[in-house]
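*Asks:* Now for the letters of each chain:
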Amino acid sequence: MVPETTNRNRRRISRLAAGGAGVVLSVALAGCGAPNAAPAGSADANSALKQINALPADQQRDKAIELAKSEGSLTLYTEVADDVSHAMAQAFQDKYGITVNVYRASAETVEQRVQQESSAGRLGGDVLVLGDGEITDVANEPGVLQNYTGPGVEDLGDAAVFDGWSAVSGYLYVPVWSTDRISSGQEPTSWEDLADPRFDGKMVIEESDSNWYGALTEYWLEQGKSQSDIDALWQKIVDGSVVGSGHSAIMQLLAAGSEGIAAMNYDYIAAGQIDKGAPLSFTSEDGSIGVHAFIYPVGVGLFSQAKNPAAAWLFADWLMGDGQKFLTDAHLLSAHQVGGDEPIEGVETSIIPKDVIADGTKWADAFDSLLRKAPKAPEK
Amino acid sequence: MSTATRLAPRTPMTGSTGSRWKRSAHHGAGRYLIVGVVIIIVAYLAAVPVLYLIGGTFTDDAGAFSLGGFARAFSPEAGAGAMMLNSLTFAVGSAAIALVIGTALAYVQVRTDTPGKPLLFAASMVPLIIPGVLYAIAWIFLADAKVGLLNTFLFHPLGTPTHVYGLGGMIVIEGLHNAPLGFLFMVGAFQGMDPSLEESASMSGARGPAVLRRITLPLVRPGLVAAGLLLFVRALSDFEIPSILGLHDGVYVFTSRIYFELRQYPIDYGSAGAYSLCLLLIAGAGVGISTLLNRNARAYQTISGKAFRPRPVSLGKARYWVSAGIVLYFIVAVVLPLLALVYASLLNYFQPFSAGALSQMSLDNYAKIFSTSAMGNAFKNSFITAIVTATAIILLSAVAAWFTVRTKVRGRRIIDVLTFLPLVIPGLVLGVALLFLYLRIPLPIYGTMLILIIAFCTLALPFGMQYATSAMRQISNELEESAEVSGAGWFTMFRRILLPLASGGLVAGWIYIAIVTFRELSAAILVYSPGNEVASVLIWEQYENGSFMALAAIGVVMVFVLAILVIVTQRISSRFGLQREIS
Amino acid sequence: MATETAKPTSSILEVSGLGKAYGRVPRGRSASAGADPTATASIAVASARRNGRSAETPLAVQDVSFALEPGEFFTLLGPSGCGKTTTLRCIAGLETPTTGRVAVGDRTLYDADQRINVPASDRRLGMVFQSYAIWPHMSVFKNASFPLEVMPRRERPAKAEIARRVREALRATELTAFEKRSATAMSGGQQQRLALARGLVINPQLLLLDEPLSNLDAKLRDTMRFELKRLQHEYGITMVYVTHDQTEALTLSSRIAVMNKGRIVQIGGPREIYESPRSRFVADFVGVTTFLDGTIGSMTGQELLLTVPGFGPVVVRGNGIPSSLPLTQDAPLSASVRPEWVTLSEGHSDSGPNRWDGMVVARAFVGESVEHVVRVGDVELRNRSNPAQSIPEGTPVQVTVDPARIAVVPTADDDTREN
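Residue numbers (the working numbering), protein chains in the order written: chain V, 1 to 380; chain E, 1 to 583; chain R, 1 to 419.
DSBU-like, lysine-lysine: derived pairs with alpha carbons at most 35 Å apart: (1) E/Lys380 / V/Lys325; (2) V/Lys307 / E/Lys380; (3) V/Lys95 / E/Lys380; (4) E/Lys380 / V/Lys276.
No wet-lab data here; the hints were simulated from the structure.
Produce the complete structure using the sequences and hints provided.
*Replies:* In structure tokens form, the structure reads like this:
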């Protein structure tokens with residue numbers, strides 16, 4: 001039947017198995033151990049950046065170019081849309097001859113990756129371009145992110161400069177609707193207007209928009225509304241709405257006519273779709289926006305553990321200059337618009353308060369409960 | 001003129017016993033070395049993620065033991081009860097659908113005389129090719145309550161629009177998507193059945209339905225149970241379909257819940273781990289029940305040593321109904337979603353079918369995706385990982401299967417259990433585990449394609465073992481022994497006797513693993529690095545980006561490529577199969 | 001070709017003109033059969049007919065006809081691929097022929113011209129399969145009671161009656177002690193008896209058996225042969241038996257149909273088949289023989305003289321000479337000489353025909369006999385002797401064969417293909 005297993009071979013197997021188990025166990029334990037100390041790479045990074053920062057402003061760029069060219073490549077971690085980020089990468093590459101690798105994923109995924117890699121000392125990125133909420137989290141970890149302080153931000157409004165990062169772009173939180181389903185004159189004129197029953201059964205709310213929830217709540221508080229009024233308002237908004245996932249996905253549903261209006265979405269996504277001919281709008285006929293739009297900054301930061309720190313610096317520098325065109329072409333805001341030194345036409349705006357971002361978890365939980373308690377809109 | 005007689009009892013070889021022992025011992029060492037290495041690899045692949053999972057769940061940020069993860073996971077606000085109920089309903093429902101469809105198709109394929117068998121086989125496998133994210137989105141295009149193509153064409157006029165979101169949609173779509181799995185499994189079960197068992201029932205006077213009910217189905221019951229279990233666990237572990245179709249209505253299952261936990265900041269490993277362990281326990285319970293039910297499975301093994309060809313059951317007039325049913329299934333499960341994808345890929349933004357939509361159709365999306373090198377690179381990576389994974393796992397499984405099926409070493413059951421483990425680990429959690437592990441170990445694995453391959457290998461291991469053990473079981477011991485008596489060492493015997501004889505099952509396993517790896521997503525999402533993307537990750541990126549139309553275009557290309565892969569490998573494997581028949 | 005014309009309807013089974021092609025049934029023919037590779041036939045495509053006709057579809061069964069009286073034990077005997085199993089399965093209804101007619105009693109089960117094809121489940125025949133086909137998920141009792149339990153409601157006996165009949169069948173096959181056992185816990189021989197019991201429990205008009213003994217070892221086969229015979233006498237049931245083992249055929253059958261390449265080559269009782277083969281194939285396949293190939297030297301009434309080159313003259317007398325053969329001077333003809341009729345003597349006598357001088361070249365002790373191979377001229381003859389006569393190799397002997405014990409067959413069978 002079976003090849004004879006002598007006792008010797010049986011013992012051999014047992015020994016092998018035991019050895020194998022030992023190997024496996026030790027590897028596993030090694031993995032569970034405490035995170036490594038800060039790795040060697042950071043020393044070089046700091047020295048390169050120190051070199052650049054030590055120089056006067058008009059010489060920084062040239063020094064950066066020199067150092068970056070010897071580094072030769074750059075890795076960008078970003079959530080910015082594929083076509084935009086790749087176009088930027090290509091342009092930067094064409095200008096300076098430095099290869100750019102782009103890691104593009106959703107904001108949460110990028111943040112998570114940064115977190116993983118940096119705590120293990122194996123950071124793969126050099127420069128980070130990420131939305132407010134996530135980049136703030138990253139910057140809050142000590143020793144991970146530092147700000148770009150070169151000539152590009154010299155005349156940038158203070159509102160766009162944050163701890164460890166600067167705003168390089170941004171977008172607006174606005175309601176977006178399908179022109180097929182919401183006729184002209186029926187569009188919302190303010191955030192409170194969303195509570196109006198004419199939007200019942202047509203509205204979709206994105207499930208993770210707790211930033212908006214927080215910012216709007218605080219805005220209303222500042223405006224003098226009482227907490228109970230605000231709660232009632234939110235309840236009315238949520239009543240008769242469905243919950244959706246993903247701002248782009250919701251935009252697709254709007255364009256297809258599956259939903260009527262998104263309580264809040266991003267203006268640049270809507271603008272992109274409108275370019276393609278989608279029957280969408282977020283402005284009234286004269287091009288103005290009725291609500292008080294919130295600005296969500298998108299920032300750039302340099303990784304302290306970067307392998308190519310000078311290239312990172314150079315990229316951030318470029319973003320503030322030539323790179324802006326790519327962002328504004330994609331209907332995003334410019335850095336100066338976020339900073340406040342350039343006006344945004346046709347709409348009243350303010351940046352999302354820092355404390356809303358800082359208290360992100362609290363607002364997320366509150367928003368979650370609000371949506372869960374909402375009675376489901378009847379399916380059509 | 002003479003009839004076959006029993007083999008004469010083995011006579012000891014002439015020649016000095018000393019040299020025979022020496023040779024046997026030498027070959028024994030070689031054999032056990034190979035087996036030992038394989039066992040270590042299997043144990044490593046399967047055990048480390050689980051160990052990590054347990055470790056991460058029961059420690060808090062400071063590294064101390066804590067049950068906080070469980071506390072948070074199952075707190076009243078977390079809504080875990082509803083989530084588990086949803087998960088179980090989803091898994092059971094979709095497994096039932098997949099099993100019924102898969103079994104029916106397998107029966108028709110293997111046991112009846114329906115025409116167009118190769119087409120049927122291909123048709124039954126095609127849903128396997130389509131990644132979950134594509135399939136779900138295609139069905140959204142088809143069945144969204146307001147703008148779905150099916151609704152605008154068919155159901156709105158009838159007054160009964162379909163809803164694709166929510167538990168109902170999840171169950172149906174997952175069932176359709178997993179039916180090929182059920183089909184593959186039951187094809188094996190039906191092929192292993194001695195047809196004379198059904199013929200004798202016919203001769204005894206039982207008509208078709210009675211034969212099916214009293215003979216065929218009871219005989220394949222072990223196969224049905226095993227397949228049902230596989231499908232149940234598969235559905236439990238699936239991420240893409242339940243998250244895309246479920247979250248719209250707030251329906252969470254284990255996997256989408258875990259993903260949600262993993263996106264918080266800071267990441268709550270404890271909570272995610274608690275859900276994962278819970279998932280593991282449920283799946284493990286499922287396996288336990290199935291094993292209990294299957295205690296008599298060995299006795300049901302009906303393949304004798306002689307080769308035989310299953311005789312088809314003649315369907316007579318029923319043949320037309322059956323063919324119609326198959327065509328209908330094919331249309332619903334394959335053609336409609338693919339058409340929806342193609343339709344969407346030609347539009348700039350999704351809109352219901354209309355003259356306006358027609359006029360706006362263009363190849364812009366294709367131009368866009370082909371203009372970047374990202375797609376070519378991603379597909380290349382997909383091919384490489386799929387081929388490497390399939391080959392490595394099949395070879396590994398062949399050796400491991402030999403060990404568990406053929407030897408009597410104690411503890412071989414452990415290998416069986418170990419290889420089954422990855423089945424119950426959600427791809428997402430595996431990704432997290434591997435990431436964490438390979439970020440810490442100073443080996444050049446993170447940031448390369450190796451980590452992807454390791455992830456895929458781990459996930460493929462249970463399937464490789466399944467195919468390999470069933471292939472090994474079908475080979476009579478005597479074939480191996482006659483090689484031994486002829487003087488072949490273990491490695492030679494394995495390479496020249498067992499592998500070729502098992503090749504049918506192994507090749508089928510290779511194809512399956514290659515396809516499933518090609519479309520695997522959730523394990524890859526977290527561990528890939530720039531330049532190492534695979535095609536499925538590309539698609540998911542598009543989804544997160546909201547570029548559904550570009551996604552559709554990439555999806556169409558992917559399905560096309562995979563279809564060709566399947567056809568090519570089918571041709572090659574059917575030549576394998578023929579070679580085996582001529583004996 | 002040896003066929004029998006259909007007898008009037010006292011016959012229990014009547015098969016006429018049965019034919020079946022390999023592969024798909026052509027359109028317009030009888031009920032669907034689909035692709036049907038036969039298990040025992042080889043895949044090799046036969047060459048076209050040699051007499052010049054254009055190549056036809058190879059036929060698994062061709063022109064098979066016979067009729068059985070009740071109580072017969074009828075065996076289809078032949079080598080692998082001869083069509084015997086296919087014929088049996090056509091009678092059973094598990095395969096559909098392309099031409100012909102099958103009738104059991106006064107029921108027509110299949111008729112190509114009238115488009116009649118009764119499904120297997122309605123034919124009420126018993127069948128024992130080569131692999132026994134015992135259902136592993138049922139007990140012995142349940143296996144045997146199955147045919148009764150699946151009868152249509154109005155015909156089905158009451159439970160008590162079913163139990164009685166099952167127990168009766170189990171008693172007949174000596175399986176009473178195993179009634180409650182799971183079918184998987186039985187040895188090969190026991191499974192085979194269970195298959196028999198199951199086939200008999202409905203008291204069918206016919207019992208079909210497809211090589212039922214080939215999976216048993218020699219001793220068990222021996223025992224089961226007698227069991228089968230006994231059962232047949234006890235039940236008086238007509239059996240159609242398929243085998244490639246000529247010992248089985250000869251011991252069990254009342255009549256044998258030897259088949260080759262899809263056709264029936266000869267039908268007759270065992271003795272007739274053995275002693276009076278009408279073709280080279282039958283002479284060779286059934287039993288052992290030596291062929292002496294020669295030409296006709298002379299012919300007188302009941303006596304034939306063959307000239308065999310390299311051997312000598314051979315005289316054949318009596319009813320070994322079939323009238324159907326072309327018996328002209330110098331026509332080629334072969335003598336078939338069975339070893340038991342080859343006599344060896346160390347002495348030398350001149351009286352009588354058919355005496356040749358030869359030498360023993362090999363000898364083997366077989367237990368119940370001693371076999372010698374004797375060389376005469378260019379020919380080697382096989383001999384079987386009583387164990388008392390054991391002649392060492394190299395001994396010159398005189399070989400004698402009784403002229404009345406020689407069969408004469410054509411030198412080459414006139415069907416298309418060489419063996």
